[in-house]
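From first to last, the protein sequence lines are chains X and Y. Sequential numbering of the first sequence, starting at 0, is according to numbering that gives the first Met the number 0. Sequential numbering of the second sequence, starting at 0, is according to numbering that gives the first Met the number 0.
No lab work stands behind these hints, which were simulated from the structure alone. Treat the hints with care, as some may be off.
Note that identical chains are pooled: a pair holds if it fits in a single copy or bridges any two copies.
[To be verified] Heads up, simulated DMTMM-like pairs for lysine to aspartate or glutamate below, C-alpha to C-alpha not over 25 Å straight-line:
| hint | residue 1 | residue 2 |
| --- | --- | --- |
| 1 | 113 | 86 |
| 2 | 123 | 199 |
| 3 | 216 | 99 |
| 4 | 80 | 183 |
| 5 | 113 | 26 |
| 6 | 80 | 126 |
| 7 | 204 | 138 |
| 8 | 94 | 135 |
| 9 | 165 | 66 |
Because the structure is a prediction, the values reported are computed rather than measured.
There are 2 protein chains.
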Amino acid sequence: MRLAYRGAPFHGWQCQPGAVTVQAVIEAALSTVIRKNTKIVGAGRTDTGVNARMMVAHFDTDEPLRDPSRLVRQLNALVGKDIAIEDIYEVEAGKHARFDATSRTYHYYAVTCKSPFFYPLSWKAPEGLDFAKMNEAAELLLQTSDFTSFAKLHTDVKTNICHVTKARWEQIAPDAWVFVITADRFLRNMVRAVVGTLVEVGRGKMTVEDFGRVIAKRNRCAAGTSMPGHALYLWEVTY
Amino acid sequence: MRLAYRGAPFHGWQCQPGAVTVQAVIEAALSTVIRKNTKIVGAGRTDTGVNARMMVAHFDTDEPLRDPSRLVRQLNALVGKDIAIEDIYEVEAGKHARFDATSRTYHYYAVTCKSPFFYPLSWKAPEGLDFAKMNEAAELLLQTSDFTSFAKLHTDVKTNICHVTKARWEQIAPDAWVFVITADRFLRNMVRAVVGTLVEVGRGKMTVEDFGRVIAKRNRCAAGTSMPGHALYLWEVTY
């Protein structure tokens, strides 16, 4: 299934006891509609407050998918306003939403003016951020493979190696910018730590060379603070 | 001053006892900053929940306006996230934000798919609305001068005559439409009643001819129900 969600009302994607998560809401709806307890597997895990314009998830069922658009409507009626199930389609047995994904793209939105309409959906950037300098620093990410400096400590992943194929701030309106980053995989908290460190460069508190040294240190404590999650969007997953 | 606001947190523009209104919040901030009780006059009055991308207001003061951008910053620090003061500039004595306005434009946003990000800012339209038919009906508004059928009952205005110069649904994305309406003046509740009646046409419950008959009746009870305010934006005021 392909879906979108607003992150603010949820404690992230992944099921956890005593918390409302996107996965838990969808599993409850799906289990109700197809009358069988069913788990779903997402292409990734988004943290508390993080949005998804496009998430992909799979589930296993013995029943053939006879009327996908009816199932979409039934699920949408149960999952609330903050989740939109957009499409459900059958795939070959053995296909996997997470392991078969070849790239993920995230967007981080920054608005440099006061905006009554977009503040819940974007980060209020200070005036005078140097986006050109941030883009110089962002280019270093394309030559990096070990992202330990931007990885959350004490997680259970086996490697911190990622291949970033795009990392760039783009101006989308006179007062609005988006940071677009694409990689084969992302570590937990990685985009928010990368953006937080780029912002240090944009503020002039760190040079582009400093940014390169942060990467080389392979130490999370060298990087800047993590950015708030409400401005981050899982934008696309490709297979 | 030129400003914008999100309508959801407010009981409309106009001051009223015991309610948080946009005018009251700005007057409190302005009176604090310039250290004198000061009233503001807006170009129009928006109802509870209605947004303004651009509102214009004036105020009288004996002090010359020495540092307008500083005043803008001071006010923005006091009025909260849901109001943005964008500009303040001196005008000739006698200029009036309401009486001198020559046209107002409103936007009404309709989204035809489930949208976790835009539902607080737009109306969830049913599938299959006939926008071409709605535009046929909307053209009749350009030949109308008496808008009694779309006026709130029991208000204190002296005339229901308005001159509408634009009234058209425009598609802005595969699943998103906006109704743009411009007139020299608007009656209270008028845009929401017009859109509500157009939607009856779009749903096939009323023909274009029926819509013409609603206008001719000059009776509010003939028109459709009023649309929700959260999708309505005062978009522009011209002088």
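*Hints violated by the structure (numbers, ascending)*: 3, 4, 8 and 9
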